[in-house]
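Protein chains in written order, with my numbering: chain A, 1 to 278; chain B, 279 to 576.
The hints are simulated quantities; they were obtained by calculation from the structure and are not laboratory data. Think of the CB as a built atom: it goes at the ideal place given N, C-alpha and C, for glycine as much as any other residue. There's no promise every hint is true.
What the hints assert, rightly or not - To spell it out: a stretch of chain B is covered by chain A in this simulated footprint if at least three of its residues, at any positions, have a beta carbon under 8 Å from a beta carbon of chain A; those stretches are:
no., region
1, 356-369
2, 487-494
As the list claims (entries may be wrong) - Some chain B residues close to chain A (C-beta under 10 Å, calculated; not the full set):
no., residue
3, Gly311
4, Ile335
5, Trp382
6, Leu451
7, Gly509
8, Gln521
9, Tyr523
10, Val560
Said to hold, decoys possible - The following label-pair restraints were derived from C-beta to C-beta distances:
no., chain 1, residue 1, chain 2, residue 2, range
11, A, Leu266, B, Lys434, 33 to 41 Å
12, B, Lys434, A, Gly225, 48 to 56 Å
13, A, Ile31, B, Val336, 41 to 49 Å
14, A, Gly15, B, Ala324, 55 to 63 Å
15, B, Trp423, A, Trp16, 22 to 30 Å
16, B, Glu426, A, Arg62, 33 to 41 Å
17, A, Ala136, B, Lys434, 51 to 59 Å
18, A, Arg199, B, Gly479, 55 to 63 Å
19, A, Ala136, B, Ala339, 22 to 30 Å
20, B, Glu345, A, Gly97, 33 to 41 Å
21, B, Ile469, A, Ile51, 55 to 63 Å
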Amino acid sequence: MSAASGTSRGQPQRGWSRYVLLGSVLLVTAIVIGAPILAVFIQALSQGLAIALESLAHPDTRAAIWLSVVVAIVVVPVNTLFGIAAAWSIAKFRFPGRKLLLAIVELPFSVSPIVAGISYLFVYGGQGLFGPFLEAHDLKIMFALPGIILATTFVTAPFVARELLPLMQLQGNSDEEVAATLGAHGWQTFFRVTLPNIRWGLLYGVVLCNARVLGEFGAVSIVSGNIRGETNTLPLHVEMLYHDYNAAGAFAAAAVLTLVALVTLLVKTLLERVSSHA
Amino acid sequence: MTSLDVSVGEVGAGARQRSRKIYGRGQGRVVPGFRLSLGVTLLYAALIICLPLATLIVVGARLGPAEYWAVVSSPRALASYRVTLGAAALATLFNTIYGFALAWVLVRHEFPGRRVLDAVVDLPFALPTAVAGIALTALFARNGWFGEPLSLIGIKVAYTQLGIALAMAFTSLPFIVRTLQPVMEELDGEIEEAARTLGAGNVTIFFRVVLPILVPALLAGVSLAFARCLGEFGAVIFIAGNQPYQTEITALLAFIRIEEYEYSAAAAIATVMLGTAFVLLVVTNALQAYARRHELTP
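So that you can see chain A by itself, here it is in the shape it has in the complex (with noise of 0.2 Å):
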């Protein structure tokens, strides 16, 4: 913490400009971010708290949240363990194409989910890659959940390996190479050495990941098909509401969607938190 004080960083802090800099940092982000939030709560209870629960208690809305969190169920560890494979074999060992394996790793972060989305749809739809073989065995795989679960995974593969890779290269392999010389298998290395120095940060990529899953729109919204109380994930529930001018009912389900918002960040900064006395 010492490096990180104002005092040892040679800058002279003195007097307005500093104030000025930092006040108007606080004003556009209050408005820009601190607003919006503030906003979903107060819409969400703008009849009443009484109309909130009870919009969210409506089946479509309980169908809506059932769907998401299967989804979740389904994602976040597929991608969790893809995240904790990609990091440790992208930052422990060295081979022809690593960097182009990296960028594909990241590769949905740069891809626009409606992309994702369109894409999906040309491999499992009707007139895909594999449609005829899909029909022909009756799997139904778009507009129905494997194609909100599949999109969903593109969309926030990298979340948990974005999060490892630093950690992994910051500590080196030094731990993991005693552990093996001193005869550790494999699991026993990741378990016992890896795993609890990077534990911190692979949980806030779980909670990130979870939190994008729950929340993933653009992509879900080609693949979903829309049918209300059936394939209609959270945050498109929201949409059809909105859409509806039911607007109590669709900031109601915003705000449960921003709970698990605010809940991820208190995650992420209790975990800096424990990391930092660790």
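Put chain B on the given structure of chain A with help from the hints.
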């Protein structure tokens, strides 16, 4: 790796043999799990990431050059590129200034609530884009908290290009801040102090000493944020108004083509978006590689 080989060699040929047997043909690799982790990563990357994108490119290519060109250069498509690029440029410009100031304040200033502000920067990452979209629309619509006073001075935000830029700025802010922050943290003030003792003033120090060091990271963050703006959908469509030729972004046009079952047109537009994303990714990686080669600490 070289020191590692030596240490294994000292333990003896037997141990090396054993490690080979346990960890496979790892060319003397001591850290386990190379084949398993790389195998899982490659399989996943191939099936989940590469296969769909490759399929999209094939579908787009099947259109043939003439028809492809007709779709991607139709007046409505061109208008959507103009709307998207214009709003993304405006959003990125705003975030370059605001994101720079935000990162600077987080790294250089001590104030109560700094940790909260630091956490808040990640909010656009964690908040669903659709939620951001309806919240910003509620705030900036003509009867909203900010929309009402702004409309009195003649500024319309919701359902204009300005609104699109605002939604894009919201979702892409963390990319610039999080790319700058670590580099700013390494900048520990010694160089600035040296410049000051040599007689440089604050403005000179900022533009001639501090900024040149931060430029590669800043540009990398900017191109990441710009790419994100170009692809944004959820936050934008609520606030955009979505009028063809005026407030219709490219992602929405692709979406509409899918809704109309115009699959090949959708594929063509999507490949334009994918190609742009590729170019920006290459630019970002080149900038990051440049930044690494010119690291501050020797």
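Which numbered hints fail: 1, 2, 8, 9, 12 and 18
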